[in-house]
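Colleague: Turn these sequences into a full structure, and let the hints steer you where they fit.
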Amino acid sequence: MEFTEAYKQTGPCCFSPNARYIAVAVDYRLVIRDTLSFKVVQLFSCLDKISYIEWALDSEYILCGLYKRPMIQAWSLTQPEWTCKIDEGPAGIAYARWSPDSRHILTTSEFQLRLTVWSLVNTACVHVQWPKHASKGVSFTKDGKFAAVCTRRDCKDYINLLSCHSWEIMGVFAVDTLDLADIEWSPDDSAIVIWDSPLEYKVLIYSPDGRCLFKYQAYESGLGVKSVSWSPCGQFLAVGSYDQMLRVLNHLTWKTFAEFMHLSTVRAPCCAAVFKEVDEPLQLDMSELCLDDDFMRGSDAPEGHFKVRYEVMEVPITLPFQKPPADKPNPKQGIGLLSWSNDSQFICTRNDSMPTALWIWDIRHLELAAILVQKDPIRAAVWDPICTRLVLCTGSSHLYMWTPSGAYCVSNPLPQFSITDLKWNRDGSCLLLKDKESFCCAAVPLLSESSDYSSDD
1 MEFTEAYKQT GPCCFSPNAR YIAVAVDYRL VIRDTLSFKV VQLFSCLDKI SYIEWALDSE
61 YILCGLYKRP MIQAWSLTQP EWTCKIDEGP AGIAYARWSP DSRHILTTSE FQLRLTVWSL
121 VNTACVHVQW PKHASKGVSF TKDGKFAAVC TRRDCKDYIN LLSCHSWEIM GVFAVDTLDL
181 ADIEWSPDDS AIVIWDSPLE YKVLIYSPDG RCLFKYQAYE SGLGVKSVSW SPCGQFLAVG
241 SYDQMLRVLN HLTWKTFAEF MHLSTVRAPC CAAVFKEVDE PLQLDMSELC LDDDFMRGSD
301 APEGHFKVRY EVMEVPITLP FQKPPADKPN PKQGIGLLSW SNDSQFICTR NDSMPTALWI
361 WDIRHLELAA ILVQKDPIRA AVWDPICTRL VLCTGSSHLY MWTPSGAYCV SNPLPQFSIT
421 DLKWNRDGSC LLLKDKESFC CAAVPLLSES SDYSSDD
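For the sequence shown, UniProt numbering assigns the number 1 to the initial residue and increments by one for each residue that follows.
Hints may be right or wrong, so weigh each one.
[As the list claims (entries may be wrong)] Straight-line alpha carbon distances no greater than 27 Å define the calculated DSS-like cross-link-like pairs of lysine-lysine that follow:
| no. | residue 1 | residue 2 |
| --- | --- | --- |
| 1 | K375 | K307 |
| 2 | K332 | K136 |
| 3 | K276 | K323 |
None of these hints come from the bench; they were simulated from the model.
Modeller: Pasting the structure below:
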């Protein structure tokens, strides 16, 4: 892998959908760089520090959320002189997002008073009263024709279906939730999944015309759903719960066909490979070095230099486990990280009470494929958008990768660079790595070339 030099950032960074540009927030400036040459293509100055950025799907426009103002500014890459500023006045702006046609911006006001659709074509705007959430509760169909917006009035949750062409409300129906948490269209746009707050275990499948197709409740009297995700193929729905279990439903009968437990002790029979990150001191041959006495007296002993590698462990093995305190809200337990591979064959999970372990499940064979045991808690884990390869980071200077053929560690050559977050380019050729105040990119070779990597590459 090849790494670029480090560049400054003070906030969000992200690739454009067409994989040609990188947008970087540096205080009040928005820097647009070319993905290949890393030269600055455009530089925009905002009115305040940038809190949030999002590309339009056509990669021609980009919006910046200045939530301290609060205000939204949008910019055009093809027309640098074009500007757009959205200000809701006293209502404020809590969140903003693009519509699928890249010509409308949806903003949610503070206290969820209203959701507003702003047109960049004719400056018209449409209001939807009482949206349920600021950043959640809105989902678009994959073809970009319809939007589902969650609202709440008279202590009851509703789904509003809007046409993304005219932004007229096509239908409204009530849903059987106590406190709706989020919503997501299925990949084939045939169904909508809705799940309740953690206080009530409830996953509901609705058709676009408002019919409840299925109601799923794994248990009662306990904290419920923590994460939900459709498989890219649309045939499976994964539900992660606070009871430390992953359940997978099929799209034909909506019945559960797999339940995966995250136990702190892994015992036989288990065919999964268990990879544990271990330190390996560098062996330096200093026999031919000659240092005078003055140098040795004036210098401190150098700290140990380490590289890391994966060691394959035998079962049974006990994973590091943290019991959450019973007197604090939002306990760190349950399936907090849940992500599908691009081919829908694998799914990776992290049980938040075992934050250093990443579980990889094989859906085709309904078994555990691998466990990666890290030294530090896992910050992020993302799948290659093109092939079956998983990359994760833990806040150290290393990248960790898994493929069906094995796992390996990659050292970042940049000094004092701790990888706290990472994102894939859409074509799978490049990784964006974030440190606290800087970022860099890494060119990733094709899987066929990298599948034989060793831990010290």
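Colleague: Next, verify each hint and record whether it holds.
Modeller: Hint check results:
1. K375 to K307: holds, 13 Å
2. K332 to K136: holds, 21 Å
3. K276 to K323: holds, 21 Å
Comparing the model with each earlier hint shows no violations; every hint is respected.
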